[in-house]
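So the chains spell out like this:
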Amino acid sequence: MAKFFAITIIVIAILSAIPILRHTWVAPEDISTHGALIDEQMSETMAEAGISFLAAQFILAIFIWKFSNRPSDAKIKSFPGGAKGLVIAALLVVGIEVMALGVFGVKAWADVYLTAPSANAMPIQVQAGQFAFYFRYPGPDGKFGTLHPELINEGSQNFFGLDPEHDTDARDDIVAASMVIPLNKEVHLLMHAKDVGHSFYVRELRVQQDFVPGLDVSLHFTATKVGKYEIVCTQLCGLGHYNMKAYLEVMSQQDFDSWLKQQASQ
Amino acid sequence: MSVHTAQHHAPPTSFIRKHVFSLDHKVIGKQYYALALVAAFVGMFLSWLMRIHLAWTNAAIPGLQLLSSNGAPGGVITPEYYLQLMTMHGTIMVFFVLTTAPFAAFGNYFLPIQVGAEDMPFPHFNMMSFWVTFVAFLVLMSSFFVGDGPTLGGWTQYAPLNAIGSVGGPGQGAGVVLWAISIALFCVGQLLGALNFITTTLDLRVKGMSLMRLPLSAWAWFITSCMGLTAFAVLMPACILVILDHVAGTSFFVASNLVINDQMLPHSGGSTLLWQHLFWFFGHPEVYIAIVPGIGIVSHILITNMRRQMLSQRVLIYSMAALAVLSYMVYGHHMFVSGMNPFSSLAFSFPTLVITIPSTIVVLIWTFSLYGSKLRINSASLFALGFISMFVSGGVSGFFLAQPSIDIMLHATYFVVGHFHLVMGVAAMFGIFGGTYFWFPKMAGRMMNETLGKLHFWLSFVGAYCIFMPFHYLGMAGNVRRYSTFVDDFLQPLIPVHRFITIAALITGAAQLIFLYNLIHSHFWGAPAPDNPWAATSLEWSTATPPPFDNFGGKHPVVYHDPYQYGVQSSVGDYVMQTSPEQVATEHEEK
Amino acid sequence: MRTKKILLTLFTLLVCSSLMFAGTVSGKVTYTGTPAKQKAIDMAKEPSCAKQHATPVLVETVVTGPNNALENVVVYVSSGAPDDGQVPAQAVTFEQKGCQYLPHVLVMHVNQELKVVNSDQTSHNIHPLAKVNREWNKSQPPGTPPIVDKYDKPEFISVKCNVHPWMHGQFAVLSTNHYDVSKGGGGFKLPNLPPGKYTITAWHEDYGTQTADVTITGNETKDVNFTFKAKAY
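Protein chains in written order, with my numbering: chain A, 408 to 673; chain B, 6 to 596; chain C, 590 to 822.
In isolation and in its complexed conformation, chain A is listed as follows:
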């Protein structure tokens, strides 16, 4: 049985590695300007984790194979170097490996979270609320109207609680159920939650950020490919969490301008 167990471990390890090596299920294409570093971190980590995984399972299997069913008079041996060698190996190999990953990963993180948006990034506001995302553009006057949460009325589509009757800045604000952005232009996404925690995740954009009730958080990114992508909520927010999504449409600058004009006229 020991030998069969050893073989099983090896077979499972190899079968587990195959979908990884064949890239069967991976993150989709990167349409962001900051994603290359993230993807690189992922590949490096996969290589190191993969080698550690295979090595550990193989060695376990080999030792199970070799050292079971030994005759009763066989001698107990110790691995050369004993514990000391292993501890040093762990400290050096694993220690250096993880520190390297950590250090090299700092830039990938900082590019998203520790850099300020550029001065001419286009501001778009997104509100997450059970169970949809709504987006607000400042409109031709370039100014966002003030938010009045007490005026929120979903039935009449006043999702943000705008007061166009008294607030002139709010009159031309454009509210949309999809996020439409122009190609190759930095977007400064201003995020707030209407009710409970939510999260903003677009795989292709290589961004994920929680909405925190009570806090204004933001993200900035630039999309580099035209297309239609999905924004999904990843923070459990109630029964409709599974159905909380919006489409992100990246358009050419021209198409985006037409879209914006068309929205403004509604």
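Among the hints, a few may not be true.
[Stated by the list, open to error] Computed cross-link-like contacts, DSS-like style, restricted to lysine-lysine with a CA-CA straight-line distance of at most 25 Å:
1. A:668 - C:818
2. A:550 - C:628
3. C:772 - C:818
4. A:635 - C:628
5. A:668 - C:772
6. C:818 - A:635
7. A:550 - C:626
8. A:410 - B:459
9. A:473 - B:35
[As the list claims (entries may be wrong)] A few chain A positions that, by computed beta-carbon distances, are all more than 12 Å from chain C:
10. 417
11. 500
12. 510
13. 538
14. 562
[Said to hold, decoys possible] Under 8 Å between C-beta atoms, here's a sample of chain B residues computed to sit facing chain A:
15. 88
16. 171
17. 261
18. 271
19. 316
20. 526
21. 589
22. 590
23. 591
It should be emphasised that the hints constitute simulated quantities derived from the structure, not laboratory data. Ideal Cβ positions, reconstructed from N, Cα and C, are used throughout, including at glycine.
Based on the hints, put chains B and C in the right spot on chain A.
Then chains B and C, alone, in the frame of chain A:
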């Protein structure tokens, strides 16, 4: 080193005192085990319902409407019922199985015996700890039958959804309050237990039992109880604050100006992230509370079945201690994209990466101690070896999740679910199974059926890999977790993978019935067990099977040896028991 | 004996006359001013519903018709009707179709059976925001049986879908069966009103409530009109 004795309590005579309200740590340990067993099967049943619903969208499960007419109209699980099942699955498994069985069940039974004591120093607190835990379980389960059901916020119960009441959705009123009461009670129970474990280890060791002569399982329980004392002490007040937000009009966790169902919530000034900090300060040590006893138990089983000591016992002890200490410094890795200061995310990622080092050391010591050993294969050792494989698999996915930049892609996906199920749902469970096969003879006085044990192992080992390895691929493809149904475009091609997983889960789940049958059948009709069926050395094997009321039959044992003197030549074989005065030539002797 | 016959005949005549004499109140509901533009609903997040509408549907808070007609106004007899309290046997149906509520305003009698039906491929979570009656919300996955419930107190109840924030409707739970909902031309009709003094109430979900008193003496049709002031925002 002085020897204190436990409070002497006379042997019980009535049925109630013997089997119900017992002061005997062995009975309490078995009671905890029975509680964990029931909880495990309830939790597993919930997972079957979840998996079926995920694999076959909106399929009707015949008869389910009898269990809940609101939750499963026509047998189809509603979105809220799915989340309620999921929340209860997680809560039951993490608290009432993974904390209860390896720590409270085995630890209560064997720690006093392994140190040579008659019982724990505070038997009344110990009895209370079980019954408080039992009541906690009943309170949790009662939420199925109250109002609109259990809370749906996941075992992590994030704010403000956990604090705003029933406007947040079904189960968010009474369901949350019951959850919080249950968990607060659970914390009390575990604190009482930790108190006993720590004092037992420090004060009740018999003559000759120095700290370094404690078996690794005892060390693991001791280190775990130190973690428990500090971690549960934070979760309990956090639960109380949640209850206050519900019933006392406070706003600890609810910010101002929040609108739900077109009405402004009355709360103001609370902090969403405060809950996450409190919860994860508990939550990360908690997962080490779930695994460290398993590390100790697996070490204990492996040594006995390798017929040799580990390459270094001290290194294993220091590694377990390092895991415990580091576990407090890493909790922010659950919060990388939570809105917490991004510098903090970087700060938390480094200790998280560093914690891989003691984990690696443990795996290396185990694996390379196999070299040159005389490995015996039986149900217990199979599960112990399986633990190593599972711990490696679950651990390497930690490399990814420890890095904030990668977490951007993997946070809240099935990659995380795969990671923690492998280390907790499988490895920790394997520790429980291994401990059961190993110690059942001592606890029940009968042997378990080896053939069924091996069958249980094979189905569980292969089955668990079939279930949880694919979770990682799903996560890499971006499959978001905690979705009751997969409606998004990019998720459609992944549904066949979910079907494969569900079928594997149902088969592997059914295999656990083999274990249940084996347990029950062996308890009544198993072959009578000798005192030391495994030719093992630690104190539990030097006493009768099952042990008498005061563990050692009125005599205090004296300890002469290391816990694991194997590979020697003695009058009884290749080992010498800790309590044996026989002197033999040994490779290494702890003093 | 003859007296008995005369009395019986007189009594029958009286009863028949009260049945024969049944008036009608009818009229039109209109608005003055300029109503706020009803926005188009973007159902992008629910493609199975979005594709059911060739052009996007409009918000139905204020639905207008030609000649300033105001639709979806519930017009009912709020006092004076002698036959209040009779619960109709048949159920009223509220349908979720194309991620809209049909009808937008559903009127029912107190304790009349309400049936909620999901005709869509997506789960809905129907949430009537009752304040006087018991508030509940229930999910209804596609293909599951209708949800059956009833309300035991009169109330105007906003209804929303927890999953699709644009879905809104209204329940009007009344203690009378004399009601109508103004449609296309803004017209409404309340027939079968025995002679008597009545208060007619017109309720609109955004523009409020108006009342009018009317007296029916015989078979006549009384013309009662309601005019609501539109809101620009």
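> Any hints this thing doesn't respect? Which numbers, in order?
Replying inline: Numbers 1, 5, 6, 9, 13, 14, 16, 18, 20, 21, 22 and 23 - these are the hints that the structure violates, sorted from lowest upward.
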